[in-house]
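Asks: Now for the letters of each chain:
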Amino acid sequence: MITKRLLLGAAALALSAGAAQAQYSDNKVKIGVLTDLSGTYSDLAGSGSVEAAKMAVEDFGGKLNGIAIEVVSADHQNKADIASSVARKWYENEGVDAIFDLVTTAAAVAVREVSREKGKIDINSGAASTVLTNAQCSPTGFHWTYDTYALAVGTGNAVVKQGGDSWFFLTADYAFGHDLQAQTERVVKASGGKVLGAVKHPFPNADFSSFLLQAQSSGAKIIGLANAGSDTINAIKQAKEFGITQGGQKLAGMLVFLSDVHSLGLETAQGMQMTTGYYWDMDDSSRAFAKKFGERMKGKMPTMVQAGVYSSVMHYLKAAAAAKTDDGVKVADEMRKLPINDFFAKNGKLRADGRMVHDMFLVEVKKPSESKGPWDYYKVLRTIPGDEAYKPLAESACPALMKK
Amino acid sequence: MMTIFGIPAQALFGQLLLGLINGAFYAMLSLGLALIFGLLNIINFSHGALYMMGAFVAWLLLTVLGAGYWTALVVAPLLVAVFGMIIERTMLCRLYKLDHLYGLLLTFGLALVIEGVFRQLYGISGMPYAVPKELAGGWNLGFMYLPIYRAWVVMASMVLCLGSWLLIEKTKLGAYLRAATENATLVQAFGINVPVMITLTYGFGVALAAIAGVLAAPIYSVNPLMGSNLIIVVFAVVVIGGMGSILGAIVTGFLLGLVEGLTKVFYPEAASTVIFVVMAIVLLIKPAGLFGKRS
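Chains A and B, in that order, give the protein sequences.
For the first sequence, the working numbering assigns the number 1 to the initial residue and increments by one for each residue that follows.
For the second sequence, the working numbering assigns the number 1 to the initial residue and increments by one for each residue that follows.
Quick caveat, the hints were computed from the structure, so don't treat them as lab data.
Be aware that a few hints might be false.
[Unchecked claim] Here are some of the chain A residues that sit facing chain B, going by a computed Cβ distance under 7 Å: (1) D43; (2) D173; (3) D207; (4) S210; (5) I233; (6) N234; (7) S259; (8) L264; (9) G265.
[To be verified] Over the 10 Å line for every Cβ pair with chain B, so calculated as not near, a few chain A residues: (10) Q77; (11) G163; (12) D281; (13) R382; (14) L393.
Heads up, the beta-carbon is just placed ideally off N, CA and C, and yes, glycines get one too.
Using the sequences and the accompanying hints, generate a full structural model.
Replies: As C-alpha cells, this is what we get:
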C-alpha cells in the first residue's frame, strides 16, 4: 500500500517536473503554413503567405525565449483530404505547433477538425466562410483577416446606400459562393434593397456571357459576383465586353483581391467597389511592410491574406512567448488576452468564438489616370469599424458559446 | 411576347448565339486534336497547354515588344508551332509505333511541365489583355448586344475550320496526308517525305490551338491554367464527333457549344457536365462517335 502511494507520488512528481521543463515541445516552436501553392489561390495566398510567415519570424527575432522558431510549408491543393492528412502528419510526427493561412473553406474546415481534436492552434487568414467561427468554431481556432459576413456588410451596405437597391447574383456553385450570396442577400434586404434573381454557375467557369445576359435581362441595377479568383476576373472582363457596365448596370465584386485587380488591369476594373481587410498604401506601417514584402516577392504587393498571415504569426509568437509554452490551449488563452496592434490591425481583438475583430475598408478601384504607378490601385472610401463589420458575438452559432 | 419553355424567344436567340461563339473555340481546338490523332495516332494532351501558350505569347509580344493583336495573331501561332514541332521531332516521333497510352502520358506530362513553368514565372491570376481597338464595341441586334469581337471570333473560327477541312479533303497535299495515315510506307515509296509531313501536320494542329489561344486572350483570363480547364471538354467533343474525324470535330464543336449554351439557360448548374452526359449517350448508341467510320 505504502509502496503504491510512493510510486504514485513519484510518478506525479516526475510528471510535473517534466511539464515545468518542457514548456516548449521538442525544444522548438514550429509554424506550419498550409496553403494553395499551385492552384487558383496561389497568387492571393500561396508562396506569398509562406514568405509573410518567414518575415514575421525574422522580425520577431528568430528565437522565442531562446528557443528556435522554424517555418514549414505545404501545398494542400485546395483539397480537404490532403489538408487534413498534412495537418495530422504535422501535429503527430513533425512537432508543428500551429498552422496558418488555410485558404479555401473546405481545407480550412478539415484542418479545423484535426486541430480541435489535438488541442493545437489553427489561425485562418485565407478562407472566407463564417462557418469557422460558428458551427466549426474551436477553443484553439481563429479566423483572422476577413469573412463572408464582413464582405457582405461592407460592400452590400455601401452599394445599396448609393442607390443600388436591386440585385442579381452570379454565384459560384459551391459552399463558399452560396454562403457569400446568402450573407449579401441578408444585408441587401435589411437595407431596403431587393434581390431579383440569381444564377449558380459551375466552378470553375470560363465563359460568363450567358449568365451575364441573364443578369442583364433581369433589369437589376447591381450584379453581385458571389465568386472568387479566375471566375470573378472572367466575369468582370466579359461584363465590360458585353457593354453591361456601360449600359448602366454595376458590378459588385463581393470578394476581390489586390492580385485580381492586378490581373484585370485598371482599365477594366476601374470604379469597382469592394471590401478589404488590408491595403498596402494606407499609412507608413502598412507601406513599410509592403515594401519589404515586395523586395522578396518580385515587386508584388501583399494581398490582405498574406498580410494577415504575417500579423497572425506575429501575434501567435508574442502570445507563445508571454505564455512561456507552446501548449495550444494556453497560448490560445494568451492570444485572446493580448490586443493586436500592428500595421494590419489597430486595436484588433480576438473574441471567444475565434473571430479577430478589426476595422475593414471599403475601397474603390482607381481610374487609370488616378493611379501613380504599378500596384497603386485603391482609394479608401470608408473605414468600417470592426464591431460593425463582423457578426455580433451574441449571434454566433458557435456550439461552445451556446452551451454557456 | 413569344416564349419557348418559359424563356422569351429573344433571350433564347441570344443564348444560342453565345453557344455558337463558345462552340467556335471547341471547334478550333478539337479540329487540331482530331488532325493530330488522325495522322499521328497521338492523343495530344498538351493541346490545352499549347492553347495557353498562344495566349501568353500574345501577351508577351504586347508587353515585351509592344506588338499588337494582329501581329500576335500571326506571330504567336508560328512560334508555338515551332515549339510544337521541336517536341514532335525530339520526343513524340519515338512513340508512333507504341500504344496510344504512351503518347497520352508523354503529352500529359508535357502539359504539366509547360503549365508549371508559366505558373512559376507569371503566377496564377492571369494577365490583362485588351480587345483590339478595331474590334471594340458592339452591335445591338435587338435581342442582344453582340460584341464585335465575339462576331470576329466566330467568323475567324469558321474560316479556319472550313479552310482546314478543304485543305485535307480536297487538295493534293491533303490526299497525301490521308494516304500516309492509311499506309505510311507505301506513300514514302512514292517519294514523299512522310516524317516531314507528319512534323508539319503536328505543327499545324498546334498552330490552330495557339490561334484559339490568341483569339481567347481578350475574352478570358490569360492564366497558366486556362487550357487545362478546357482540354477535357474538348476531348469529349472529339470523342463525340468520332476520334480522328475532321468534319466530326468541327460540327460537334459548334453543336456542343449550342447544347451547353441552352443548358446555361435552363439549368445552369449542369452546364459543366452536360457535354459528358452527351458523350456517354453517344458512346452507348454509336461507339465510334457521330462521324466515326469504324467502331
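Asks: Would the hint on D207 (chain A) be counted as holding, given a Cβ-Cβ threshold of 7 Å to chain B?
Replies: holds, 5 Å
Asks: Should the interface hint for I233 (chain A) be scored as holding, given a Cβ-Cβ cut-off of 7 Å against chain B?
Replies: holds, 4 Å
Asks: Report holds if the minimum CB distance from L393 (chain A) to chain B is greater than 10 Å, and violated otherwise.
Replies: holds, 35 Å
Asks: Does the claim that R382 (chain A) lies off the interface hold, with its Cβ farther than 10 Å from every Cβ of chain B?
Replies: R382 (chain A) clear of chain B: closest Cβ-Cβ about 26 Å, beyond 10 Å.
Asks: Is the interface hint satisfied for D173 (chain A)? The criterion is a beta-carbon contact with chain B at less than 7 Å.
Replies: OK, holds: D173 (chain A) within 7 Å of chain B, min 6 Å.
Asks: Can the hint on S210 (chain A) be confirmed by a CB-to-CB distance to chain B that is less than 7 Å?
Replies: holds, 4 Å
Asks: Check the non-interface label on D281 (chain A): least C-beta distance to chain B beyond 10 Å or not.
Replies: holds, 19 Å
Asks: Is the shortest C-beta separation between L264 (chain A) and chain B less than 7 Å?
Replies: This hint holds: L264 (chain A) lies near chain B, its Cβ roughly 6 Å from the closest one there, short of 7 Å.
Asks: Confirm or reject: G163 (chain A) is not an interface residue toward chain B, with every Cβ-Cβ distance exceeding 10 Å.
Replies: Fine: 23 Å to the nearest Cβ keeps G163 (chain A) off the interface.
Asks: Using the nearest Cβ pair, does N234 (chain A) come within less than 7 Å of chain B?
Replies: holds, 5 Å
Asks: May I ask you to check that Q77 (chain A) keeps its beta-carbon over 10 Å from the closest beta-carbon of chain B?
Replies: holds, 13 Å
Asks: Using the nearest Cβ pair, does D43 (chain A) come within less than 7 Å of chain B?
Replies: holds, 4 Å
Every hint from the earlier list agrees with this structure, and none is contradicted.
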